[in-house]
Amino acid sequence: TQLLEQSPQFLSIQEGENLTVYCNSSSVFSSLQWYRQEPGEGPVLLVTVVTGGEVKKLKRLTFQFGDARKDSSLHITAAQPGDTGLYLCAGLPGNNRLAFGKGNQVVVIP
Amino acid sequence: NAGVTQTPKFQVLKTGQSMTLQCAQDMNHNSMYWYRQDPGMGLRLIYYSASEGTTDKGEVPNGYNVSRLNKREFSLRLESAAPSQTSVYFCASTGHGKGNEQFFGPGTRLTVL
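If you're matching them up, the sequences are chains D and B in order. By the working numbering, the letter at position 51 of the first sequence is numbered 51, and the numbering carries on one by one without gaps. Heads up, the working numbering is the position in the second sequence plus 110, with the first residue counted as 1.
Hints are computed from structural coordinates only; laboratory data are not their basis. Values in this document were obtained by computation on a predicted structure and should not be read as measured data. We put the beta carbon where it would ideally sit given N, CA and C, even for glycine. Just to be clear, a hint being listed does not mean it is correct.
[Said to hold, decoys possible] Distance condition first, Cα-Cα at most 27 angstroms in a straight line; then the derived DSSO-like pairs of lysine-lysine:
hint	chain 1	residue 1	chain 2	residue 2
1	D	Lys102	B	Lys167
2	B	Lys119	D	Lys102
3	D	Lys70	D	Lys56
[Claimed, not checked] One-sided excerpt, in silico: chain B residues whose CB lies under 7 angstroms from chain D:
hint	residue
4	Leu153
5	Gly173
6	Tyr174
7	Phe200
8	Gly209
9	Gly215
[As the list claims (entries may be wrong)] With beta-carbon atoms standing in for the labels, derived distance ranges:
hint	chain 1	residue 1	chain 2	residue 2	range
10	B	Thr221	D	Lys57	38 to 44 angstroms
11	D	Lys56	B	Arg154	23 to 29 angstroms
12	B	His206	D	Glu5	44 to 50 angstroms
13	B	Ser190	D	Val55	47 to 53 angstroms
14	D	Ser26	B	Lys181	21 to 27 angstroms
15	B	Asn140	D	Lys56	38 to 44 angstroms
16	D	Ala78	B	Ser190	50 to 56 angstroms
17	D	Gln9	B	Ala192	23 to 29 angstroms
18	D	Val28	B	Gly126	42 to 48 angstroms
19	B	Gly126	D	Lys59	46 to 52 angstroms
20	D	Pro81	B	Gly150	47 to 53 angstroms
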């Protein structure tokens, strides 16, 4: 059973469009992280959210942690080709071992 | 700072051969991890080491062994490679933040024929 479900699995959009991807669980997390992975490379940490309802912005990327700390979303405004990648969410369920979702593959077409 | 380094970057093995994947970090992190990443399966934890001198099994440890050689180095060994071990392997270490944020190496792409 996957602890973190990410949707949609694959998303293809035109440059300049907005997009939102989701990370959901039935479990509560003490914190949740988002990573981006580009082809042939390891995941790179983008952000950590720790407080229910927290919103963090990283340039055109907006991350939100659900009030109940069970889910999160990532919104990209005016997507650029450089935003193409696999976005992974990961949560700390309390046993100090990070659980990863399977990822949202985002392709931004120039 | 090089961060997390892994060698080799690519490897092809025949079934039954053995090999060791090397990982080193220069960030003075206590915890280190080995993951495998397969299409449709996401990242799965093989083994981890919470501190120098300790190792523990993760989600998919069968067919692998690890050694935490010192604080910097954490190696993964395949004693008798099988085609099911064809995968991309990532080493990671944990930073000092509260959320167990992980820093990943560039990966080793392993093919077992």
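Right, here's what the structure says about each hint:
1. Lys102(D) / Lys167(B): At roughly 21 angstroms apart (the allowed maximum being 27 angstroms), lysine 167(B) and lysine 102(D) satisfy the hint.
2. Lys119(B) / Lys102(D): Holds, at about 23 angstroms.
3. Lys70(D) / Lys56(D): Holds. Lysine 70(D) to lysine 56(D) sits at ~16 angstroms (cutoff 27 angstroms).
4. Leu153: 4 angstroms, holds
5. Gly173: 20 angstroms, violated
6. Tyr174: At 17 angstroms from the nearest chain D Cβ, tyrosine 174(B) fails the 7 angstroms test, so the hint is violated.
7. Phe200: 5 angstroms, holds
8. Gly209: Hint holds; glycine 209(B) Cβ to chain D Cβ min 4 angstroms, cut 7 angstroms.
9. Gly215: Holds: closest Cβ of chain D sits about 5 angstroms from glycine 215(B), inside 7 angstroms.
10. Thr221(B) / Lys57(D): 38 to 44 angstroms: This hint holds: roughly 41 angstroms between Cβ atoms.
11. Lys56(D) / Arg154(B): 23 to 29 angstroms: Given a distance of about 27 angstroms, which is inside 23 to 29 angstroms, the answer is holds.
12. His206(B) / Glu5(D): 44 to 50 angstroms: 30 angstroms, violated
13. Ser190(B) / Val55(D): 47 to 53 angstroms: 50 angstroms, holds
14. Ser26(D) / Lys181(B): 21 to 27 angstroms: Violated: the Cβ-Cβ distance is about 37 angstroms, outside 21 to 27 angstroms.
15. Asn140(B) / Lys56(D): 38 to 44 angstroms: 26 angstroms, violated
16. Ala78(D) / Ser190(B): 50 to 56 angstroms: 51 angstroms, holds
17. Gln9(D) / Ala192(B): 23 to 29 angstroms: Holds: the Cβ-Cβ distance is about 28 angstroms, inside 23 to 29 angstroms.
18. Val28(D) / Gly126(B): 42 to 48 angstroms: 45 angstroms, holds
19. Gly126(B) / Lys59(D): 46 to 52 angstroms: 49 angstroms, holds
20. Pro81(D) / Gly150(B): 47 to 53 angstroms: This hint is violated: roughly 25 angstroms between Cβ atoms.
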